[in-house]
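The listed protein sequences derive, respectively, from chains Z and G.
Each residue of the first sequence is one higher than the last, beginning at 1 in this note's numbering.
Each residue of the second sequence is one higher than the last, beginning at 583 in this note's numbering.
If you're looking for bench data, these hints aren't it; they were derived computationally from the structure.
Hints should not be assumed to be uniformly reliable.
[Claimed, not checked] Over the 10 angstroms line for every Cβ pair with chain G, so calculated as not near, a few chain Z residues:
#: 1; residue: Asn23
#: 2; residue: Pro86
#: 3; residue: Lys274
[As the list claims (entries may be wrong)] Cross-link-like lysine to aspartate or glutamate pairs, in silico, EDC-like; alpha carbons within 16 angstroms at most:
#: 4; chain 1: G; residue 1: Lys845; chain 2: G; residue 2: Asp861
#: 5; chain 1: Z; residue 1: Lys521; chain 2: G; residue 2: Asp816
#: 6; chain 1: Z; residue 1: Lys353; chain 2: Z; residue 2: Asp57
#: 7; chain 1: G; residue 1: Lys852; chain 2: G; residue 2: Asp791
#: 8; chain 1: Z; residue 1: Lys33; chain 2: Z; residue 2: Asp112
#: 9; chain 1: G; residue 1: Lys1103; chain 2: Z; residue 2: Asp234
#: 10; chain 1: G; residue 1: Lys1103; chain 2: Z; residue 2: Glu206
#: 11; chain 1: G; residue 1: Lys640; chain 2: Z; residue 2: Asp141
#: 12; chain 1: Z; residue 1: Lys58; chain 2: G; residue 2: Asp639
[Stated by the list, open to error] Some chain Z residues flagged as far from chain G (calculated, every beta-carbon gap over 10 angstroms):
#: 13; residue: Asp261
#: 14; residue: Asn481
#: 15; residue: Pro512
Using N, Cα and C, we set each Cβ at its ideal position, and we do this for glycine too.
There are 2 protein chains.
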Amino acid sequence: MFSSRGWACRVFCANALVRAGLNVRVIDKRPVKVAAGQADGIQPRTIEVLQSYGLADKVLSQAAFMIMAAFYNPGPNGIECIGRVPDVTAPTARYPYEVTLHQGAIEGIFLDSMKKEGLEVERPIIPVSLQISEDPKALADPHAYPVKVVLKHLDWESGEDTETVRAKFVVGADGAHSWVRKTLGISMDGEQTDFVWGVIDITPSEKTDFPDTRNKSAIHSVNGSCMIIPREGDKIRLYIQLSNKDAVDPETGRVNLHRYDPKRLLDVAKDTFKPFTMDAALDKVEWWTIYQIGQRVASRFTTNERVFIAGDACHTHSPKAGQGMNASMNDTHNLAWKLTHVLRGWADISLLKTYEFERRKYAQDLISFDKTFSALFSEKIGDDSKGHGPTHEEFIGAFQDYGNFSSGVGVHYAPSQIIEPTYQAAASNLIIGQRLLPHVLVRAADAREVNIQDLAPADTRFKLFVFPGEHTQTVAAYLDNSQRFFYKRRDAFDVITILQGTKSTVNYLGVPLVLRSHWTKVLLDDTDITGSRGGRIHERYGIDRFAGALVVVRPDGYVGTVAPLDKLATLDTYFSGFMLSD
Amino acid sequence: MFSSRGWACRVFCANALVRAGLNVRVIDKRPVKVAAGQADGIQPRTIEVLQSYGLADKVLSQAAFMIMAAFYNPGPNGIECIGRVPDVTAPTARYPYEVTLHQGAIEGIFLDSMKKEGLEVERPIIPVSLQISEDPKALADPHAYPVKVVLKHLDWESGEDTETVRAKFVVGADGAHSWVRKTLGISMDGEQTDFVWGVIDITPSEKTDFPDTRNKSAIHSVNGSCMIIPREGDKIRLYIQLSNKDAVDPETGRVNLHRYDPKRLLDVAKDTFKPFTMDAALDKVEWWTIYQIGQRVASRFTTNERVFIAGDACHTHSPKAGQGMNASMNDTHNLAWKLTHVLRGWADISLLKTYEFERRKYAQDLISFDKTFSALFSEKIGDDSKGHGPTHEEFIGAFQDYGNFSSGVGVHYAPSQIIEPTYQAAASNLIIGQRLLPHVLVRAADAREVNIQDLAPADTRFKLFVFPGEHTQTVAAYLDNSQRFFYKRRDAFDVITILQGTKSTVNYLGVPLVLRSHWTKVLLDDTDITGSRGGRIHERYGIDRFAGALVVVRPDGYVGTVAPLDKLATLDTYFSGFMLSD
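Work the whole structure out from these sequences, hints included.
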């Protein structure tokens, strides 16, 4: 996988694949990694995903947090605060906030993780040609190498500077101007909007008396709109709406960077913030740009499930909704385990079709969300309902309605060979196709609290969460049956058992061995030692305490299916739909 | 500071001093640090202290947790479980559990931290002589070097292998057999008990069916007593009561290691655990020993406040109560900031007298606690009240009564020049002389939750927590007055202001500048974004919302004094009792 842009998607993918023990090469045309760079927003679901790779703590310890969102509207003397609401309005979010962290830090965390597995980015290298075999037999054989890529090493000082690589699969995580996408002849569907925005990273000076520089702030003024995104330390990012006639070159119709500089951007912002003072030293501006919002989705995400595109190569949208890096990382989070299963011989190669199926639908929803949100934000607020743009209530309403989507926790994959919702009723509140709902359990052996999501790390295995109800022996007999799927492909599964009972009285050694491969794998539906967290997961998930249920969670943390304990054979049907038993 | 034993006390002290920017040398007679070694228990208050140095996360991420304590008593067929209770019974503990981690890991965390400040342990080196000047003028002058120590470098291959060091202060953190203590001629007061115990670290095999290997377990059987302390991974430590006639050499009266080996220790344990099976592979035993409990306190902790002893050099007691490393670290936590203030010229040298005053009293209380607990644990449980040892209720009662003490959170320093309780009523629930009660606040600027303890890190500064009530201008005027103590020695203080109000409505920029040196220093008495943590700190601390209060927290996290806002001049009296204003 390659390229300069799309770094987030690329390092995320490379890290996931090398941790799975695969033979990966990752190339980049940049001679070095970014040292600092612009900040990227990280959404609640992305933090959960980072946690599943053991990387959330590293990100959170360096990041700025966005917990509240403040709204300002025009008043008689300039803007005035209308109110503050929680920035994240998704009630099931495990991390009920967004964070921001600069690219250099995020990329560094992934590069460190990859390095522990022995993988480093090769740079500076660019791809110069890519060919996919047309032999149907080779394309269907996971052991074949049907992709030929010619690479050019930019810094080779002498001799042959090109290299031919034969690959089983290639992922083009190469940004909005993706070379891979163009080479595959994949079109981008969508359009450019008329909205032009400036972005500038500043450190407010002591003169600044605007009270919401450390909250996400959405400001509508008679002089245009502005958004504040707090950054690490004392820095903030300003998104500043610009007048099209100033910012767009009338001849080309494209934004004209030369018409702006940091001082002019900040001057526009200063007008917007009146009567508040927004002041910053211009010599400390780390980064600024202006851009026009484009909203496009690639017409397909793969050619023959042998070469894929991911991240900005697949979708472009406005940065203000803070989706960019999140959508990118989640693309490759979705793809990495599927590639791993196919390469290990665990899954049929057709599993890879679900990547485009799941992620293109998501990208289309994202663009649709972005259109609504960007339009609302770029238009003037009317303080009545006379049709002069959205009312304040409409804006906050949209902000909150979309909370579930923009937080990432509402992502819902449609039924497919890996999403089987027939028995949804057996866990009525745990939606099949959505990510595993976070909830605190207590370990039976040592009473330590554990979030159930941390029992489903991104370790490439399917997790079988057994809520045995009164049917412990039924489940144990099923899992111990050598005719069953689980038995034949045991490496691909982890079994976690969730008992009813309390930490004061349980004896977890009474659970059959097939349900407790280690003492850490038996949990209790009980509160933590302080009584303030966890408990009642059966009710939270809608699982009957007598009937129980078996919940299958995919390696990426999404609920794949749920089986009632008197219908366990449905699991053989589910797994044989995409897994290979030998 | 030096020596082989007492490593915990030594690295803790060295780290605290070098982080304060002092010129420190630390010597050790061991050629290398311990690689693994025995496990040490870490109590709730010690975790808080580690957190104040930014080291708690590193310890907790590697440690085993003890959350529940299980009790077993003799029954008709061998031992049976009487019940489980929370291991930590101190309701104010921020970390309501104990953890264990092996010495190598703990020492490594401190060595890494010191190394970042440029300090490494010099080894192998031993002290061979120590002399303190008798010149009263030199002893009273913090800039003088009245201590002369001769060191011997054990690995110098040629030439002169001794070195003479002149020091302002010396800390003998050199373990139970302290060379410094003996050289100063300090006696140990106390006695040896008759109780002999064996200790062995094992990994229970699959045959083991005792259900509480991952809890702290106190077992009384007709064959003797035993205690389980879970360790990292799957390991556990067993403390096993031994028969004196087997374990003690009748001629010397001392324990005789040669009479035991791991197999014999485990055999004793196996008898104790019946009818349960306790089984382990003997070839994997990392560590074992047998010991007789001694309970002693040094008659003094210093000579002329120029040479100090700390940790095991000052107090020895039984390991089962898990106090050893905790008492040691907290000794030097108490001493380090005092040395720092004197060396910086912030405090009068007499401040150092409070070290022995505070820590020797603590050590005496510890021994008293240890005597009661060890006796209870070493005696047979009588299942009636006929005087055959403690009843089960007495044992659990003692376990829970002492929870507050053994957790470390109950430590209460008596009135002195640095503990001034006159105005206790102004914060009636925040006990002057105890550590700052943990409580969650919300940052006014960005609504992020912060535990108030994390606003009082071990950065050598006194913290002034201002609860302004309705008297904001009064406090601001006091702190801005150039005649006041705070003004003259501003580097020694950090000011944190705790407002009433909510994250939805507050404008923290309305607070006078002297009360907000940075946006992170203004907090709210409000709940976190989920509504589940924090809020009502005024009630928690017993501070009137109208009258307010100013709480002074020492650099080691203990409440030094509290001032009503109409009695702020009391702070000048307090600080001038030990601080120098120029």
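Which earlier hints can't be squared with this structure?
Hint check: 2, 6, 11 fail, others pass.
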